[in-house]
Structures are given as C-alpha cells and as structure tokens.
Amino acid sequence: MIQQPDGRPADPRPLEEKYRTGVPILLQQIRRFYEGLTRAHGARGLDHIRRVSAEYGRQLLERAEKRVRPDDAESVGLYVVRIFNNIDVEGELAEFGPDRVTVRCSRCPYPFTSPEICEAHTTMERVIVEGLGENLRYTVERSIPRGDDVCDHVVERRRESP
Amino acid sequence: MIRLPDSIDYEEVPLENRYRTATRALSARIGALYAGAFEEFGPDALDLIRSVGEEHGRELAEALSGEGPPQDAQGAALCLARLMDLVGMTGRVTELSPEVARIQIETCPYGISDPALCEAKTSLELAFVRALGDSLVLEVEKSAARGDAVCQFKVLRKS
Chain A
29 MIQQPDGRPA DPRPLEEKYR TGVPILLQQI RRFYEGLTRA HGARGLDHIR RVSAEYGRQL
89 LERAEKRVRP DDAESVGLYV VRIFNNIDVE GELAEFGPDR VTVRCSRCPY PFTSPEICEA
149 HTTMERVIVE GLGENLRYTV ERSIPRGDDV CDHVVERRRE SP
Chain B
714 MIRLPDSIDY EEVPLENRYR TATRALSARI GALYAGAFEE FGPDALDLIR SVGEEHGREL
774 AEALSGEGPP QDAQGAALCL ARLMDLVGMT GRVTELSPEV ARIQIETCPY GISDPALCEA
834 KTSLELAFVR ALGDSLVLEV EKSAARGDAV CQFKVLRKS
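Heads up: the sequence lines are chains A and B, in that order. Quick note: the first sequence uses our numbering, first residue 29, plus one each step. Quick note: the second sequence uses our numbering, first residue 714, plus one each step.
Keep in mind that the hints were calculated from the coordinates and are not lab data. By construction, the Cβ of each residue, glycine as well, lies at the ideal position given by its N, Cα and C atoms. Among the hints, erroneous ones may be present.
Partner residues aside, some chain A positions facing chain B, computed with beta carbon under 7 Å [stated by the list, open to error]:
1. 32
2. 42
3. 66
4. 74
5. 80
6. 120
The whole structure should be built from the sequences, with the hints applied where relevant.
Here is the structure:
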C-alpha cells in the first residue's frame with residue numbers, strides 16, 4: 029500500500045475494485061512487451077518468452093510440489109485453476125476425472141491475439157504440470173488466439189504403452 | 714473466476730491474498746522478462762521497454778485520471794501513487810503541495826537492479842505524469858537500482 033503523509037491510503041477504493049483494475053494493468057504490460065518483442069525479433073523473441081516462462085514455471089514448481097499430489101491429474105488440474113484464479117481468469121471446469129481435467133476459459137485476461145505468443149507464454153503451465161508428474165501432459169486444445177471461442181487447458185494422464 | 718461444481722473440494726483463496734500474489738508474481742515476471750531481454754538483445758531491449766512503457770503510460774493517464782486531469786503536482790502525485798499502489802508497490806507520499814510532491818517506494822516489485830533497465834522501465838511513469846498535464850514533470854531523485862536505500866519520485870509543476 030502507498031500512504032499519504034497523513035496516513036490515509038493513496039487509493040481508498042475497495043479491494044475488489046483495486047484488484048480488478050490493478051491486475052489487468054500488469055497483464056497488459058506483459059502482453060504489450062511480448063507483442064513488441066516478437067515484432068522486433070520474431071522467433072528469437074518467442075524463444076525469450078519461452079525461456080522466461082519456463083524459468084518462472086520451475087520456480088513455481090517448488091511451491092506447487094508442497095500443495096498437490098504428484099502424478100495426480102485432478103490435484104494438478106486444481107492447481108492450474110488456482111493459478112488462473114489469481115489473475116481472475118473467467119471460465120469453468122469442463123471436465124474433471126482421474127485421467128483428464130479440462131479448464132475452459134471464456135476470456136483471455138491478457139488478452140493474447142497471437143497463437144504463437146499464447147503458446148510461448150503457456151510454457152509456464154506446461155513446465156509446472158509436466159514437472160508435477162512424469163505421466164502428466166499439458167496441452168491447450170482449443171485457443172481463442174487460434175480462432176476458437178474458448179481456451180481449453182487440458183491436464184491429462186498419458187496412456188501407457190501396451 | 715473458474716467456476717467449479719460443488720462436489721469438488723477446493724479451498725478458495727481470499728481476495729486479498731490473490732491480489733497480493735498476482736501483483737507480486739506478475740511484477741516479478743515483467744522484471745525477469747525485461748532483464749532477460751536486455752541480456753539477449755542489448756540496447757534494443759531498452760528501446761522497446763521505453764516505447765512500450767511510454768504508450769502504456771499515456772493510456773493509463775487517460776484511464777486513471779478520474780473526473781479530470783489534475784491541475785497541480787499534488788493531484789498528479791496522488792494519481793501516480795494510485796497507479797503504483799494498484800500494481801502492488803509499497804511506500805508513502807512524503808511531501809504534498811501544489812508545486813512539488815514526493816513519493817518514496819520501499820522495494821522494487823520488479824526486482825530490477827540494473828540502473829539502465831530501471832531507467833527504461835520508468836518511462837511508463839514518466840509518460841504517465843507528462844500525459845496528466847503539460848506543466849507536470851516527474852523526476853527520479855533516488856533509485857535503489859543506482860544504490861540508494863529507496864526509490865524517490867518527485868512531481869513538479871513548472872511555472
């Protein structure tokens with residue numbers, strides 16, 4: 029919080045309003061930088077987004093390991109929900125079972141319009157999910173930037189080879 | 714929010730925690746993106762951070778100036794303090810008058826320690842204040858990235 033000289037908060041608005049205004053400012057800052065970076069540097073820019081997202085995912089993984097049951101699609105899927113809820117993603121849990129969890133988002137909070145940027149950015153989620161279970165796989169099956177009406181983030185148990 | 718069926722056992726995180734976690738995480742991610750880009754692309758990255766920040770700063774000034782743009786340093790500093798507060802910075806306004814106002818920030822949420830990177834990142838705040846009024850100027854008096862104990866911003870109304 030930032031206080032005025034008399035101790036009053038600089039922004040007296042209710043927490044809910046501040047959350048709904050403040051978080052999108054940071055999300056937009058990220059998207060704008062991604063767009064500028066890929067415009068200026070193309071594939072190298074996307075590689076940079078992947079690298080930073082992967083590194084950030086590895087940092088979160090340490091905390092996530094304390095909260096979820098490893099190799100458990102349901103538990104890991106709910107951790108993805110937790111990450112999305114922090115930044116106020118709108119959507120629903122479309123599927124929830126031991127082999128497959130689908131988190132369906134109706135609106136991208138950033139919002140990304142480039143499928144390549146979306147793919148590079150979600151490296152973070154992939155690193156977390158696949159780091160929480162060697163048999164788990166993370167995919168974005170449907171994607172608003174690719175032209176779908178929703179984004180489907182899927183945590184799935186890999187089928188074992190016969 | 715992601716809607717969940719009632720049958721699923723899910724511990725709801727209080728709004729205050731979500732807000733704090735989101736602002737910290739996103740600021741840190743921005744800091745890492747900027748630092749990594751500077752390492753990878755050199756001065757080109759600084760130019761990009763500046764141009765993206767300036768455009769965003771101007772838009773935010775329009776969106777956050779409320780009922781009308783501030784007329785003096787006091788109003789502009791309070792607008793800037795609100796922006797800083799919204800994105801999770803902590804600190805205080807140490808001086809507030811129509812001609813000059815100062816804001817101190819205790820910790821950099823972006824984790825930026827390179828002075829050149831800090832200067833480029835601050836283009837957002839500089840453009841924000843400039844867009845609030847032609848007579849308003851923002852100066853960075855102290856910077857943790859330059860070795861000071863805090864970051865200090867001074868808003869001035871030019872006569």
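So, going through the hints one by one against the coordinates:
This hint holds: residue 32(A) has a C-beta 5 Å from the nearest C-beta of chain B, less than the 7 Å allowed. The criterion of a C-beta within 7 Å of any C-beta in chain B is not met by residue 42(A), whose closest approach is roughly 10 Å, and the hint is violated. Because the closest C-beta pair between residue 66(A) and chain B is about 11 Å apart, greater than 7 Å, the hint is violated. With a cut of 7 Å, the hint placing residue 74(A) at the interface with chain B is violated, because the nearest CB-to-CB distance is about 12 Å.
Using the Cβ-Cβ criterion of 7 Å, the hint placing residue 80(A) at the interface with chain B is satisfied: the shortest such distance is roughly 5 Å. About 4 Å separates the beta-carbon of residue 120(A) from the nearest beta-carbon of chain B, less than 7 Å, and the hint is met.
In this structure, the hints that do not hold are numbers 2, 3, 4, in rising order.
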